[in-house]
Amino acid sequence: MSSSKSFVKFDKVDKSYDGKTLVVKDLNLDINEGEFITMLGPSGSGKTTCLMMLAGFETPTNGEIYLDSKPISRIPPHKRGIGMVFQNYALFPHLTVYENLAFPLKVRKFSKDEIDNKIDKALSMVSLSGFEKRMPNQLSGGQQQRVAVARSLVFDPQLVLMDEPLGALDKNLRESMQYEIKHIHENIGVTVVYVTHDQSEALTMSTRIAVFNDGKVQQLSNPDKLYEEPVNSFVAEFIGETNTFSGEVTDIAEGKCKVKLATGAEIISNPIKVKSKGEKTKVSLRPERAIIDPEEKMDNKYKGKIEEIIYHGDHARVRLNLLGNKEFILKVPNSSARMDIKRGNEINVGWNSNDARALDLKSI
Amino acid sequence: MSSETQQILTTDGIPLEVSLKKVERRNKFKAFLLVAPLLLFLLIVYISPIIGMLFNSVDDRMVTNALPKTFIAMEKWDGKELPSEEVFEAFYIDFQKLIEEEKEGKLSTQLNYEKNGFKSIIKKLRRKSKSFEEGNYKEQIMGVHERWADVEYWRAIKRRAPSYSYSKYLKGVDMYQNEEGKFVQVEEDRRIYKKLWVRTLKIAFFVTLFCFLMAYPIAHLLATLPMKYSNLLMICVLLPFWTSLLVRTASWMILLQQQGVVNDFLVWTGLVADDKRLVMMYNETGTYIAMTQILLPFMVLPLYSVMKTISPSLVRAGKSLGGTPFITFWKVYFPLTIPGIGAGSLLVFILAIGYYITPELVGGASGTLISNMIAYHMKSTLDWSFASAMGLMLLAGVLAIYWIYNKLVGIDNIKLG
Numbered sequence: 001m002s003s004s005k006s007f008v009k010f011d012k013v014d015k016s017y018d019g020k021t022l023v024v025k026d027l028n029l030d031i032n033e034g035e036f037i038t039m040l041g042p043s044g045s046g047k048t049t050c051l052m053m054l055a056g057f058e059t060p061t062n063g064e065i066y067l068d069s070k071p072i073s074r075i076p077p078h079k080r081g082i083g084m085v086f087q088n089y090a091l092f093p094h095l096t097v098y099e100n101l102a103f104p105l106k107v108r109k110f111s112k113d114e115i116d117n118k119i120d121k122a123l124s125m126v127s128l129s130g131f132e133k134r135m136p137n138q139l140s141g142g143q144q145q146r147v148a149v150a151r152s153l154v155f156d157p158q159l160v161l162m163d164e165p166l167g168a169l170d171k172n173l174r175e176s177m178q179y180e181i182k183h184i185h186e187n188i189g190v191t192v193v194y195v196t197h198d199q200s201e202a203l204t205m206s207t208r209i210a211v212f213n214d215g216k217v218q219q220l221s222n223p224d225k226l227y228e229e230p231v232n233s234f235v236a237e238f239i240g241e242t243n244t245f246s247g248e249v250t251d252i253a254e255g256k257c258k259v260k261l262a263t264g265a266e267i268i269s270n271p272i273k274v275k276s277k278g279e280k281t282k283v284s285l286r287p288e289r290a291i292i293d294p295e296e297k298m299d300n301k302y303k304g305k306i307e308e309i310i311y312h313g314d315h316a317r318v319r320l321n322l323l324g325n326k327e328f329i330l331k332v333p334n335s336s337a338r339m340d341i342k343r344g345n346e347i348n349v350g351w352n353s354n355d356a357r358a359l360d361l362k363s364i
Numbered sequence: 001m002s003s004e005t006q007q008i009l010t011t012d013g014i015p016l017e018v019s020l021k022k023v024e025r026r027n028k029f030k031a032f033l034l035v036a037p038l039l040l041f042l043l044i045v046y047i048s049p050i051i052g053m054l055f056n057s058v059d060d061r062m063v064t065n066a067l068p069k070t071f072i073a074m075e076k077w078d079g080k081e082l083p084s085e086e087v088f089e090a091f092y093i094d095f096q097k098l099i100e101e102e103k104e105g106k107l108s109t110q111l112n113y114e115k116n117g118f119k120s121i122i123k124k125l126r127r128k129s130k131s132f133e134e135g136n137y138k139e140q141i142m143g144v145h146e147r148w149a150d151v152e153y154w155r156a157i158k159r160r161a162p163s164y165s166y167s168k169y170l171k172g173v174d175m176y177q178n179e180e181g182k183f184v185q186v187e188e189d190r191r192i193y194k195k196l197w198v199r200t201l202k203i204a205f206f207v208t209l210f211c212f213l214m215a216y217p218i219a220h221l222l223a224t225l226p227m228k229y230s231n232l233l234m235i236c237v238l239l240p241f242w243t244s245l246l247v248r249t250a251s252w253m254i255l256l257q258q259q260g261v262v263n264d265f266l267v268w269t270g271l272v273a274d275d276k277r278l279v280m281m282y283n284e285t286g287t288y289i290a291m292t293q294i295l296l297p298f299m300v301l302p303l304y305s306v307m308k309t310i311s312p313s314l315v316r317a318g319k320s321l322g323g324t325p326f327i328t329f330w331k332v333y334f335p336l337t338i339p340g341i342g343a344g345s346l347l348v349f350i351l352a353i354g355y356y357i358t359p360e361l362v363g364g365a366s367g368t369l370i371s372n373m374i375a376y377h378m379k380s381t382l383d384w385s386f387a388s389a390m391g392l393m394l395l396a397g398v399l400a401i402y403w404i405y406n407k408l409v410g411i412d413n414i415k416l417g
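Top to bottom, those sequences are chains R and P.
Number 348 in our numbering belongs to position 348 of the first sequence; there are no gaps in the numbering.
Number 416 in our numbering belongs to position 416 of the second sequence; there are no gaps in the numbering.
Think of the hints as simulated: they come from the structure by calculation, not from any bench.
Predicted model only: the values in this text are computed from it and were never measured.
A portion of the hints provided could be inaccurate.
Under the rule of at most 25 Å between Cα atoms (straight-line distance), these lysine-lysine pairs were calculated in the BS3-like manner [as the list claims (entries may be wrong)]:
1) R/Lys326 to R/Lys303
2) P/Lys407 to R/Lys133
3) P/Lys331 to R/Lys133
4) R/Lys112 to P/Lys331
5) P/Lys119 to P/Lys80
6) P/Lys69 to P/Lys138
7) P/Lys128 to P/Lys115
8) P/Lys138 to P/Lys76
9) R/Lys225 to R/Lys275
10) P/Lys182 to P/Lys76
11) P/Lys138 to P/Lys123
12) R/Lys121 to R/Lys133
13) P/Lys106 to P/Lys138
14) P/Lys138 to P/Lys124
15) R/Lys273 to R/Lys256
16) R/Lys20 to P/Lys228
17) R/Lys106 to P/Lys331
18) P/Lys331 to R/Lys109
19) R/Lys79 to P/Lys331
20) R/Lys118 to P/Lys331
Please put together the full structure from these sequences, using the hints given.
Here you go:
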């Protein structure tokens, strides 16, 4: 990841379809060789457009994309040598699995033996050996997906793009495919650009994630940093769950600030986006960072009333009315110890000010 | 299920299959009631006329009933030389009866279909026979006109003896059954129908081809353009549908005639000299142009409906895998449109093969089709049985094409929308 030369580079890329609104605004993105990078964002955030520009199906309105230091805007898609997995697999329905995989090899004029060899290898990689003669419609969704992955890799591209490839699969299959794709990536070391709107998918698979919103990359970092240290309230709310408090900064000093809420209470937070007194802010706190019966050293300790308990098997979500926020969520592990967690009871809740991140106001 | 497997019973003890059938029977009955009116309608207006046509085309009882005694007498005649006095006498008696019933005109029409020249000699015989004396009819009849002494004409009469015959079908392909029962072609200069069949097939084939070549890009545009443009284009495609066929053909006449718009334009631009105006009408060219335009929507619509279902990501996939635009089109897009091509071609070809109005108006002598000949026999010569026979041959041809198509491509592969 520390490689100085980037493999794919988006340089000040703008994209507009109608000449009035920008779908992608001033995008700068560097992708290193061998990385698994995910473009994550809600629909309409411009992530798929970016992928299509990289694949060559859309042209940037402004700026340039470099692949291996070469500008590619003028290279047609079929000469870019980029593998691609499409949302609905896009397997050729009139061709067998073998013929589907042979397509990119035949156009590259490989010999029959080489083709057979490569197809064998690609199919065994996705554990589908022996399926050569099947038609795509004789395969299950998961199998079609694997054929699509195999087809995108069979001609040994250096870069593979995946456009929400798991969107059509059911939850269990999706999860096992996530691991499978991740392992394939680790084994062959190809660079992958992956587009999804599913944040858990992004967190599971990626080396780095680019969170898109409104045509811009909101944050680009590795999954744990993205989750633990969101840089703005959009990222905080889009990735995982978060509890938020809106308020005004009343005091700020040495990596801590006081935020006064609408109820009048003051909470101590970690100033990320706020710089001075009087600024409006949104404080974001992950549910699992707030605990019941806090230790003495925690600098935020409050009382809240239990409004609702939602059972989730291994843990329960407890909805509290805390400091005027009726949607405050707490995660409680399923254990026999806590018998006092009942609806209507009051409990003590606390957290470290470092985990309460005072961010910008803007939100989706 | 084999009978060895144990029969499954419902909770009430009724065999499952019986119970299932009982439930399904009611649904089937309901479904049948729904389609019954249409079925009845089809039976009345479609199936029964075809059966009627079939009957009409082989029915030859008119002549059989008109000359009963003649045909009995002819049974012994070998057909090599002129028939005996017996036959002439029988013919005379039959003929007199026909004159009484005023049916000799019909006979002359029928016999004239069989061999040209009967009409006048029957008329003549009718006049002269009033003054015939008893006995020696052979001499007297032969004396009316020299053709009555020609064995060919008597053979022609004998050929009409059976109540049912397939001679009309033979005539439809320029053949007839001679005295020895062999199928032979008619004389070279009288072969008209075979040429017409070939021309009909040829024109239908090329019209289908032209329609395909023109419709494919249009349908592709329709399927890929954004909605607002594709709607407009669709209206352009459908507009001819909302205009009367006759009006469309007439406008082609205005465009194509020698003093017409196209020729005027060509002369004005100097591409064509004024005294060498192109002949684009009353010949095959006119038929091609007008029929291609009129049948074009029947090709566009099935193609469009198939192309609409082809995901654009397939073409993108082809390109991303390294296929040039041409290879991607040829290996990915084109094979997927084959069901539409099949449906459109079959539709256009079948419509073209039986086309009537347009070739009638713009085809002239060299651009008419078999259907024009059928209409001619229905309206002008009134030989309905021949028209029926040719109509059925056309129907059989269409069915054969359908069958061949099914063998080659498979009817399941057809997609009309």
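Hint-by-hint comparison with the structure:
Under the criterion of a C-alpha separation no larger than 25 Å, the hint pairing R/Lys326 with R/Lys303 is consistent with the structure, at around 13 Å. Distance check on the hinted pair: P/Lys407 and R/Lys133 sit about 24 Å apart at the alpha-carbon level, within 25 Å; holds. At most 25 Å may separate the alpha-carbon atoms for a hinted pair to count; P/Lys331 and R/Lys133 meet this at roughly 18 Å. For the proposed pair R/Lys112 and P/Lys331, the alpha carbon gap of about 18 Å is at most 25 Å, so the pair holds.
The hinted pair formed by P/Lys119 and P/Lys80 meets the criterion: a straight-line CA distance of about 24 Å does not exceed 25 Å. A threshold of 25 Å between alpha carbons decides the hint, and for P/Lys69 with P/Lys138 the separation of about 15 Å falls inside it, so the pair holds. Under the criterion of a C-alpha separation no larger than 25 Å, the hint pairing P/Lys128 with P/Lys115 is consistent with the structure, at around 22 Å. Between P/Lys138 and P/Lys76, the direct Cα distance comes to roughly 16 Å. Compliance with the 25 Å bound is thereby established for this hinted pair.
Simply put, R/Lys225 and R/Lys275 have alpha-carbon atoms about 22 Å apart, close enough for the 25 Å limit, and the pair holds. With a CA separation close to 19 Å, the supplied pair P/Lys182 and P/Lys76 stays within the 25 Å bound. At roughly 17 Å between alpha-carbon atoms, P/Lys138 and P/Lys123 fall within 25 Å of each other, so this suggested pair holds. With a CA separation close to 16 Å, the supplied pair R/Lys121 and R/Lys133 stays within the 25 Å bound.
Annotation: proposed proximity of P/Lys106 to P/Lys138 holds, straight-line Cα distance about 23 Å (limit 25 Å). Pair hint P/Lys138 plus P/Lys124 holds up; C-alpha atoms about 15 Å apart against a cutoff of 25 Å. Of the supplied pair hints, the one linking R/Lys273 and R/Lys256 holds, its CA atoms being roughly 12 Å apart against a limit of 25 Å. As the CA atoms of R/Lys20 and P/Lys228 are separated by approximately 19 Å, the hinted pair is consistent with the 25 Å bound.
For the hint linking R/Lys106 to P/Lys331, the alpha-carbon distance of about 11 Å falls within 25 Å, and the restraint holds. Pair hint P/Lys331 plus R/Lys109 holds up; C-alpha atoms about 15 Å apart against a cutoff of 25 Å. For the hint linking R/Lys79 to P/Lys331, the alpha-carbon distance of about 17 Å falls within 25 Å, and the restraint holds. Taken as a hint, the R/Lys118 and P/Lys331 pair is honoured in the structure, with Cα atoms around 21 Å apart against an allowance of 25 Å.
Of the numbered hints stated above, none is contradicted by the structure.
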